[in-house]
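Letter by letter, the chains look like this.
Protein chains: 2
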Amino acid sequence: MIKIGALVSGGGTNLQAIIDACESGYIDGKVVSVVSSKDGVYALERAKKHSIEGCVINKKMYGDDTDDVLIKHFQDREVDLIVLAGYMTILSEKFVNAFKNRIMNIHPALIPSFCGDGFYGLHVHEAALKKGVKISGATVHFVSPITDGGPIILQKAVEVRDDDTPETLQKRIMEEAEWKIFPEAIKLFAENKLRVENDIVRRSDK
Amino acid sequence: MIKIGALVSGGGTNLQAIIDACESGYIDGKVVSVVSSKDGVYALERAKKHSIEGCVINKKMYGDDTDDVLIKHFQDREVDLIVLAGYMTILSEKFVNAFKNRIMNIHPALIPSFCGDGFYGLHVHEAALKKGVKISGATVHFVSPITDGGPIILQKAVEVRDDDTPETLQKRIMEEAEWKIFPEAIKLFAENKLRVENDIVRRSDK
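Protein chains in written order, with our numbering: chain U, 1 to 206; chain S, 1001 to 1206.
For reference, chain U alone in the conformation it holds in the complex:
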């Protein structure tokens, strides 16, 4: 059973999907610590409801030492995997290298479309609608020092509708893609079915 650490900044709906998948046994793992970059976010409430440790670690508290504090926090808890579940802070190269191919992020588009610096939250969906794409989706990937640039684990396509707003598209991509492929990717990781070769993720079960 793997130990999972989570980094959050907001409501934590993806965190909830992951907690549920662990509790149901779909993922052979357990979320052991939820760290938020912000005080008072609902993701911390979710942790509390499930008796998971929750705390706040951010630059306001630790300044330049923040990433060292974060690294030590997760190392002390011996986490096997760190999931970014709506974490709105850029991680340092030092942090990423400390957990190489052991940090997962979800991005609400089909990378390499609509990703990189500036593409976060509703901006992603605004850009997709402005381009007029008919298919968007979500991507789970390992985190590398380049924003949204790490090895892709899973992707799922979602239809874009003519009457979509950024909000309706965001909601559909969450429900139809994110809450499915994020737990699925973690399940595969927990079952040791993912290997990374030359920055490409291969599945040992396929």
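Hint data in this document are derived by calculation from the structure and do not stem from the laboratory.
On a predicted model such as this, the values are computed, not experimentally measured, just so you know.
Glycine is no exception: its CB is placed at the ideal position from the N, C-alpha and C atoms.
Among the hints, a few may not be true.
[What the hints assert, rightly or not] In the DSS-like style, the derived pairs of lysine-lysine whose C-alpha atoms are separated by at most 25 Å in a straight line are:
1) S/K1038 <-> U/K206
2) U/K156 <-> S/K1100
3) S/K1003 <-> S/K1030
4) S/K1072 <-> S/K1038
5) S/K1131 <-> U/K100
6) S/K1171 <-> U/K206
7) U/K131 <-> S/K1193
8) U/K100 <-> S/K1130
9) S/K1171 <-> U/K156
10) U/K131 <-> S/K1131
11) S/K1030 <-> U/K131
12) S/K1171 <-> S/K1100
13) S/K1131 <-> U/K156
14) U/K156 <-> U/K193
15) S/K1206 <-> U/K131
16) U/K130 <-> S/K1100
17) S/K1171 <-> S/K1193
18) U/K94 <-> S/K1131
[Claimed, not checked] Covered stretches of chain S, going by a simulated chain U footprint (3 or more residues, C-beta under 8 Å):
19) 1149-1158
20) 1194-1202
[Said to hold, decoys possible] Partial chain S-side listing against chain U, Cβ under 8 Å, derived:
21) R1077
22) M1088
23) L1110
24) P1112
25) S1113
26) K1131
27) G1132
28) V1133
29) K1134
30) D1162
31) P1166
Knowing the structure of chain U, use the given hints to seat chain S on it.
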């Protein structure tokens, strides 16, 4: 019933899918002329087999007048729509503007991924595999003066497999996506169900 002109440069498998869709009645239209940029390509054989006019028009024959010759060729035949079915020549702004939102192209990726100058043929699939995407697909779009930049009409996602080569991925995207959405987009055009608003394609049937 719309009149369709086709521009080709090679084997013409997409052309075949379109001819078949016209002959079966799926598209309320008829391919009236197939123009190739190269001599001796199999697309011209396909035209012949279906008693469709075929000819070669290229820069070697007409130099700087090529686009004027092409424009006149299709205007003389009163085509409603021009389809680029594996046409490997960049069209001039003059040609594109002469048939604004009446030229369709198919691109073997989910635009805006893996598109633009340099992304043609197998290069598209090589790039997708190098990036390690798990989903690719195809896009039908109206042609604008910017390569692969025009309004998107239809897209279809296709799964990428761990053991794919550029060739196997190309084949699957053709079979599962291109040969379906290209005829479908033409069908919608023939039924007058597509309108372009601010470079976004809207469907009147949805």
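* Asked: Does the alpha-carbon distance linking S/K1131 and U/K156 stay inside the 25 Å limit?
  -> 16 Å, holds
* Pair hint outcome, S/K1038 versus U/K206 [Cα-Cα no greater than 25 Å] -> 42 Å, violated
* Asked: Once the shortest beta carbon distance from S/G1132 to chain U is found, is it less than 8 Å?
  -> With Cβ-Cβ at 4 Å, under 8 Å, it holds.
* Regarding the hint that S/P1112 lies at the interface with chain U, is the smallest CB-CB distance below 8 Å? -> 5 Å, holds
* Asked: Holds or violated: is the Cβ of S/P1166 closer than 8 Å to a Cβ in chain U?
  -> Constraint on S/P1166 not satisfied, violated at 14 Å.
* Asked: With 8 Å as the cut and Cβ atoms as the points, is S/R1077 at the interface with chain U?
  -> Violated - the Cβ of S/R1077 stays beyond 8 Å from chain U, reaching only about 30 Å at its closest.
* Asked: Within a Cα-Cα threshold of 25 Å, do U/K130 and S/K1100 meet the stated pairing?
  -> 20 Å, holds
* Should the hint that S/K1134 touches chain U count as held when the rule is a Cβ pair under 8 Å? -> Hint on S/K1134: holds, closest Cβ of chain U at ~4 Å, below 8 Å.
* Asked: Do the alpha carbons of U/K94 and S/K1131 lie within 25 Å of each other, as the hint requires?
  -> Between U/K94 and S/K1131 the Cα gap is close to 24 Å, so the pair holds against 25 Å.
* Is the hinted pair S/K1072 and S/K1038 satisfied, with a Cα-Cα distance of at most 25 Å? -> OK: S/K1072 and S/K1038 at ~19 Å, within 25 Å.
* To do: Measure nothing beyond the straight line between the CA atoms of U/K100 and S/K1130; if it is 25 Å or shorter, mark the hint as holding.
  => Since the Cα atoms of U/K100 and S/K1130 sit roughly 20 Å apart, the hinted pair holds (cutoff 25 Å).
* **U/K156 paired with S/K1100 [C-alpha distance capped at 25 Å]** => Distance of about 34 Å is beyond 25 Å: violated.
The structure shown violates the earlier hints numbered 1, 2, 11, 12, 17, 21, 22, 31.
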